[in-house]
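> Sequence lines, in order, name chains A and B.
So this note's numbering is basically just the index in the first sequence, starting at one, shifted up by 75.
So this note's numbering is basically just the index in the second sequence, starting at one, shifted up by 101.
A hint or two may mislead.
[What the hints assert, rightly or not] Each computed DSS-like pair below joins lysine-lysine, with the alpha-carbon atoms no more than 25 Å apart:
(1) 328(B) x 464(A)
(2) 154(A) x 363(A)
(3) 461(A) x 338(B)
(4) 255(A) x 287(A)
(5) 328(B) x 301(B)
(6) 134(A) x 255(A)
[To be verified] To be clear about the criterion: a stretch of chain A counts as covered by chain B if any three or more of its residues have a C-beta under 8 Å from a C-beta of chain B, and this derived list gives those stretches:
(7) 208 to 214
(8) 309 to 319
(9) 358 to 372
(10) 376 to 384
[What the hints assert, rightly or not] Not everything, but these chain B residues come out facing chain A in the computed CB check (under 7 Å):
(11) 116
(12) 127
(13) 131
(14) 136
(15) 137
(16) 200
Honestly, the hints are just simulated from the structure, not real lab data.
Backbone N, C-alpha and C define an ideal beta-carbon position, used for all residues, glycine too.
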Amino acid sequence: MSRSIQFLGSLTAVLLLLLGLPSATQAQAPSTTARVTQVDTSRYPDVTLYVAVLDATNKPRSGLKQSDFGVIEDGKEVKITDFVGGGHVQINTALAIDRSGSMESDNKLDSAKEAAQTFTAQMQANDQTTIIPFESILDLNFPFSSDKGRITAAIDNISTDNSTGTAIYDAVVAGVNKLKDIEGRRFLVVLTDGQDNRSRNNAEKAITYANKYNQPVYTVGFGRQNAPGDDWINERVLRQVADQTGGEYFYAPDRSELVALYDRLAGSLHAEYRLTYRSPRPNYDGTKRDLRVSVEGLTSAGSYVEEHLINVHSSTPVGLALLLPLLALLVFPTLLRFWGRKLPKGPQTLVAQETKLVPQVQPLPPKAASPLQPASPNVTDTVCTKCGKALRTGARFCNGCGAKQTL
Amino acid sequence: MNKRLQIYYHAIFGALGGLVGWWTMGTLATQTWNIWLSSALIGAGLGLSIGGLVAAADGAMIKRVPLRALRDGIYGAFAGALAGSLGLLLAEGFFLLLHGGFSGRTLGWMLLGLTVGLSDLAVSRRIQRTTYAALGGLAGGLIGGLVYEGLTRLFLAQSGEIQILVGGLGLVIVGACIGGLIPLARQVFSKAELHVRAGKQTGLVREVTESASLGRYDGNDLYLPDKGISWRHAEIKQTKEGFILEVLAEAEAGVWLGTNQVAPGQKLLINSGDQLKIGDALVEFIGR
Numbered sequence: 076m077s078r079s080i081q082f083l084g085s086l087t088a089v090l091l092l093l094l095g096l097p098s099a100t101q102a103q104a105p106s107t108t109a110r111v112t113q114v115d116t117s118r119y120p121d122v123t124l125y126v127a128v129l130d131a132t133n134k135p136r137s138g139l140k141q142s143d144f145g146v147i148e149d150g151k152e153v154k155i156t157d158f159v160g161g162g163h164v165q166i167n168t169a170l171a172i173d174r175s176g177s178m179e180s181d182n183k184l185d186s187a188k189e190a191a192q193t194f195t196a197q198m199q200a201n202d203q204t205t206i207i208p209f210e211s212i213l214d215l216n217f218p219f220s221s222d223k224g225r226i227t228a229a230i231d232n233i234s235t236d237n238s239t240g241t242a243i244y245d246a247v248v249a250g251v252n253k254l255k256d257i258e259g260r261r262f263l264v265v266l267t268d269g270q271d272n273r274s275r276n277n278a279e280k281a282i283t284y285a286n287k288y289n290q291p292v293y294t295v296g297f298g299r300q301n302a303p304g305d306d307w308i309n310e311r312v313l314r315q316v317a318d319q320t321g322g323e324y325f326y327a328p329d330r331s332e333l334v335a336l337y338d339r340l341a342g343s344l345h346a347e348y349r350l351t352y353r354s355p356r357p358n359y360d361g362t363k364r365d366l367r368v369s370v371e372g373l374t375s376a377g378s379y380v381e382e383h384l385i386n387v388h389s390s391t392p393v394g395l396a397l398l399l400p401l402l403a404l405l406v407f408p409t410l411l412r413f414w415g416r417k418l419p420k421g422p423q424t425l426v427a428q429e430t431k432l433v434p435q436v437q438p439l440p441p442k443a444a445s446p447l448q449p450a451s452p453n454v455t456d457t458v459c460t461k462c463g464k465a466l467r468t469g470a471r472f473c474n475g476c477g478a479k480q481t482l
Numbered sequence: 102m103n104k105r106l107q108i109y110y111h112a113i114f115g116a117l118g119g120l121v122g123w124w125t126m127g128t129l130a131t132q133t134w135n136i137w138l139s140s141a142l143i144g145a146g147l148g149l150s151i152g153g154l155v156a157a158a159d160g161a162m163i164k165r166v167p168l169r170a171l172r173d174g175i176y177g178a179f180a181g182a183l184a185g186s187l188g189l190l191l192a193e194g195f196f197l198l199l200h201g202g203f204s205g206r207t208l209g210w211m212l213l214g215l216t217v218g219l220s221d222l223a224v225s226r227r228i229q230r231t232t233y234a235a236l237g238g239l240a241g242g243l244i245g246g247l248v249y250e251g252l253t254r255l256f257l258a259q260s261g262e263i264q265i266l267v268g269g270l271g272l273v274i275v276g277a278c279i280g281g282l283i284p285l286a287r288q289v290f291s292k293a294e295l296h297v298r299a300g301k302q303t304g305l306v307r308e309v310t311e312s313a314s315l316g317r318y319d320g321n322d323l324y325l326p327d328k329g330i331s332w333r334h335a336e337i338k339q340t341k342e343g344f345i346l347e348v349l350a351e352a353e354a355g356v357w358l359g360t361n362q363v364a365p366g367q368k369l370l371i372n373s374g375d376q377l378k379i380g381d382a383l384v385e386f387i388g389r
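Can you build the whole structure from these sequences, using the hints too?
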């Protein structure tokens, strides 16, 4: 028994490990790295991949051509039908910025605003950005905009609130909500200097919600990693949210590093490549597809799941091919019974099994012998409204035709 | 009709329901629709056909009364459409949440089976019986879902007509499993059975959940088409003391229990092995 339990335990652990693998993993190479940052299947069977390629110094690689990339889905090499090089991919961004009371200290809010402005400055003509300032409640009034001036003004207007509450998980959900219906590259980054204490959602719910819409969440911890009381960053949770949604967690101790981080993120996003191909298995079968993207010999893995639970594409020949055996199975027992009757000494049939169960019925005493049995039904002058048969007293249904009677 | 044959017919009707649902829904280009809208519609179509045909199986193959089959089928179809729509929406949600695969697909079909089983309430109007049906539907969805996912993976590399066949076959199997396991669950969980030992329905076995009705009306659980039997003759009910036989007040005659007769309006505690003589039919009550 204990061995069985150990075996089951090991099996479960292996399964959990397999299930826990991130959908997009980073391939490491000594010189450069490539990473599938987003898989967009909204136009399936056309699949769009966003790929970031960084050099040894973590700077984006630019100037790569379509011929430098190769895409393999489920072991089959596919043809790239559309290619957009670095600097030309449209980016849709949601910048969630903590503005709770604690951001007042050490001018952290000013630093966050400067970092957001740095990010905005790198926006290109087709890019659009929204700002989500949050404390215990969220400010969702700023829509997506491509107007740098409007965005800059909105960032400038963010001010701290006296609230001590911070709703980080709600900010994640709000960011996903804003981005989920937008096609193309979607980028969500959530900055905080503390820990969640006011969200209606918890970390698990926020992660589940982000994963439901394939939205990676990038989290930024800004300020003190360890401090007495509640005034410190809960890095464990920020890392968990990022890791479990395919995003990344960053820590910035001061203004210069925070601004440099946002500058780097913007640069990296704008240097991403967009590759579109048609799935070699364009079936609506709800299966997982494994991807491999190769760049100059470097390979990055990813995956996506075709989102249909069932395939309901029918055809008359296939329908008939399935119907006929079912009809045959439907009449099969009747045919078997008929065959059994014709061959009394033949194989056992269902009828034979049924009849052999029937015992000898003991003759019952005549009904008049029982004191409980009325000599004759208590028939009154009332008759059935439908068939005219005489009814017994209190009868609600006619014994002849079954029609319901009005008493 | 013995229990195995009843399950068999329900499974075939469930399979036909899956096929009809797939065939009709498959003529629509649901792949190009919003995923939630298509799930709701496909679920409604599948629930309507599986629920309707499974509900009609009793009237069509066991009672062999076409109008009863039609009436139960209509009730089952309406309830199934509603339940299927809700079930497949939930199923699609869990499927995406779990990123597909065996667990996602299986859980999805389990939810559809559960809701189709729950739609039995529209036909039976009995809580306990519906609970058993829901458990059967859940188990049917589990088995059907596993087989469907297995088929999908087996024919992963194929395309064209093979994929269409796999889709149709998958739904036929899901329908058969849900259809077959609903009566199986009722038989497994019920605490008593009625075996017709003599009369026109000789060999028929019906389970007793919280209650079972007997009579010449085809809506009774045990349909006894004998002129000596009243339209609604008797009922067997589960109580704290055990099962009781109640001869309904409107019955034209009593029920013989051995050498004693239970008159209309009377109740009597019955035990396993008791034989009930109603008209020309002899029914044995078997408790567990």
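> Run the distance test for residue 328(B) versus residue 301(B): straight-line Cα separation, threshold 25 Å.
holds (11 Å)
> For the pair supplied as a hint, residue 255(A) and residue 287(A), is the alpha-carbon distance within the 25 Å limit?
Since the Cα atoms of residue 255(A) and residue 287(A) sit roughly 9 Å apart, the hinted pair holds (cutoff 25 Å).
> Under a C-beta cut-off of less than 8 Å, do 3 or more residues of the segment 309 to 319 of chain A approach chain B closely enough to confirm the stated coverage?
Violated, because only 0 residues of the segment 309 to 319 of chain A bring their Cβ atoms closer than 8 Å to Cβ atoms of chain B.
> Taking only the CA atoms, is the gap from residue 328(B) to residue 464(A) under or equal to 25 Å?
holds (13 Å)
> For the hint on residue 136(B), does the least C-beta distance to chain A fall short of 7 Å?
holds (6 Å)
> So, residue 131(B) near chain A? Judge it on the closest CB pair being under 7 Å.
Residue 131(B) check passes; min Cβ-Cβ to chain A is 6 Å, inside 7 Å.
> Please verify the coverage claim for the segment 376 to 384 of chain A: does it have three or more residues whose C-beta sits within 8 Å of some C-beta in chain B?
holds (count 5)
> For the restraint on residue 116(B), tell me whether the closest CB of chain A is nearer than 7 Å.
holds (6 Å)
> Against chain A, run the beta carbon of residue 200(B) and see if the smallest gap drops under 7 Å.
holds (5 Å)
> Residue 127(B) was flagged as interface toward chain A. Is the shortest Cβ-Cβ separation under 7 Å?
Given a least distance of 3 Å, the restraint on residue 127(B) holds.
> At least three residues with a C-beta closer than 8 Å to a C-beta of chain B: is that true for the segment 358 to 372 of chain A?
Holds: 6 residues of the segment 358 to 372 of chain A have a Cβ under 8 Å from chain B.
> Could you grab the alpha-carbon distance between residue 154(A) and residue 363(A) and see if it respects the 25 Å cut-off?
Roughly 20 Å between the alpha carbons, so the hint for residue 154(A) and residue 363(A) holds.
The structure shown violates the earlier hints numbered 3, 6, 7, 8 and 15.
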